[in-house]
Amino acid sequence: MASGASKGSTGRRAWTVLTRAVVTLLMVAVVNFTLFRIIPGDPASLLLAGARGSMTSEQLEVQRQNWGLDKPLFPDQILAYMSTTLQGDLGYSFKFRGRRVADLICERLPATVVLIGLAQLIAIVFGVVLGIYAGWRRGGAIDHVSTATSLALYSTPPFWLGMILVMIFSTGLGWLPGYGAYSPSFASVGLVDWIADRISHLVLPASTLALGLIGQYVLVARAAMSDVVTEDYMVTARAKGLTGRQMLMRHAFRNSMLPVVTLIALNLGYVVAGAITVESVFAWPGIGGLTVDALNARDYPTLQGIFLLLGVSIVGVNLLADITYGFLDPRVRQ
Amino acid sequence: MNESSAASRWRVRARAINAFLSQFLHHGGAQLGLFFMVIFLVLAAAPDTLVGPLETVATATGDFLSPPQRQHVLGTDEVGRDVLNLVVHGARISLTIAFLATVISLIVGTTVGMTSGYYGGKVDVWLMRLTDFFFVLPSFVLALVITPVVLEVIGRGRDILGFRPSLFVIILVIGLTSWAFVARIVRSQTLSLRERQFVERARVVGTNDLNIMLRHILPNLVPQVAANSALVVAGAIYTETALSFLGLGDPLQPSWGTLLSLAQRAGAASSGAWWYLGAPGVCVLTVSLGFVLIGNALDDTFNPRRRAIP
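Same order as they appear, the protein sequences are chains W and P.
Counting from 1125, one number per residue, gives the positions in the first sequence under this note's numbering.
Counting from 7, one number per residue, gives the positions in the second sequence under this note's numbering.
Be aware that a few hints might be false.
To be verified - Going by beta-carbon spacing under 7 Å, a handful of chain W positions derived as facing chain P: (1) Thr1271; (2) Pro1281; (3) Ala1397.
Read the hints as simulated data drawn from the structure, not as lab findings.
All residues carry an ideal CB built from backbone N, CA and C; glycine is no exception.
Given only the sequences and the hints, what does the whole structure look like? Please build it.
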């Protein structure tokens, strides 16, 4: 968390926040460019023809020219890389028979967004409510139980939790499907069944991810709340004769939300890490599954594309959080 | 006169350390955390005497995926290796990776944070942009793209000090990608230390910058760094487990993450092999919980108003 309060105007703060994001993104691009060119062997053959014969010679030639692979690394190649990347050209995959990396990612993205979005939603609602309550009634039975559980969840690798849930609810009890996003046999059935099938496939992976996140939200919301409770304005509120409920809603809640907002953004990295491993456990057809396939096949162009996507989205969300934070807390803006 | 003042200074310090220890050891979380840590350190220190040499496919004696029984207290895996044997040896690998990675990340984080905070100005701006990059992109995501490339570059052959090179790749990658958190804390602490009188005095006397940083600022950073290092260890264990689970670990020197990856590939969850799945997972859970508790307790003791868990 930024310690020194920025004293500049709103414009200056926005400018700082924005340049930071741009610098970080540039670094993502540079890492992405250099990393995949230090692999031994001719970059052209590695980046383009990992699986020889999987790409037509025209595709290969087009890419060779686009990326300027016959020219010096700096500045020609890096500029070529930047400009083609900005145009949405991420090259061709080795593993998937020369398909465009951008297309592969677009295909897999919706499944991941649905999974992460649902998990975040569940985790925020439950985690924040529980954490606020625990902090408000600090030292009570619910506080002790929820803090202990949260610490345990915080220390559990999410993919392991997923494997345990599959073993219990899918293998053991047979209540829910343990892998995939839908049952192939449901392709031709009615809409209601189709929806029910999709939902039943979402339950286990989404709750796995959500459980991993709830622990964090509970701990942060609780810590924020217990700080707020001791503030002077809470004493004033009590002196004014507000009831406990009014104090909680009017003063405590809003103020304890600030750290939670920051966490939600910082958490995206954690969610992504969790999602990649959890998707792998559940054979979920999202970016995580694609990453694992690409890793196993050492499909560098695809890995490169995924890294770029992750980098851009993480930086973007953090930028958004910085802006939101300014709106929530006028002291940051002033 | 001089001797007695040195002795009294030493006494003051000893009293402070005693007070700290008694407060720390009375912390319920710290006790539980230390308990977990000691157990696993013992396992990691002497795996051979406890469960014999690491079993391989060739030396495996058990049935395939057999549940716990007298001969194999934690059952066997899909090629008949004893799970207890694997998990105890895994402790050594997992903890070695986590500790060495933490040492690297503490060194890099402290250096960057201290330099940035001490010099300020342009140095600070650039180092902090660098830190931002590592802070925003989680170490797991960075490690995920760096590890396979580095593995490709250096290859998997030979071994260094009894460990295979791929282990060092994981250690280096985790260490070099997880220091940002430390750097930020050290920087903010340095900013306030820089303005203190003892630093001012050292500067007036003519001590050079390096000496001021090493002899006057660094010792005062120890509490903050110590409290957060336990959390860095927990993070390193997490990153290592996730990377190995995705198949970037070394199958010949299995960490807990690699064991979980093998369990997943063997279909442990869908065949109900709870012992194979449970053993390495419970180890990861208790070790990282232990470090999180210790980190929290250290933070509570040093700095009761601020909590370390983000």
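Hints, verified against the model:
1. Thr1271: violated, 10 Å
2. Pro1281: holds, 5 Å
3. Ala1397: Nearest chain P Cβ about 4 Å off; hint holds.
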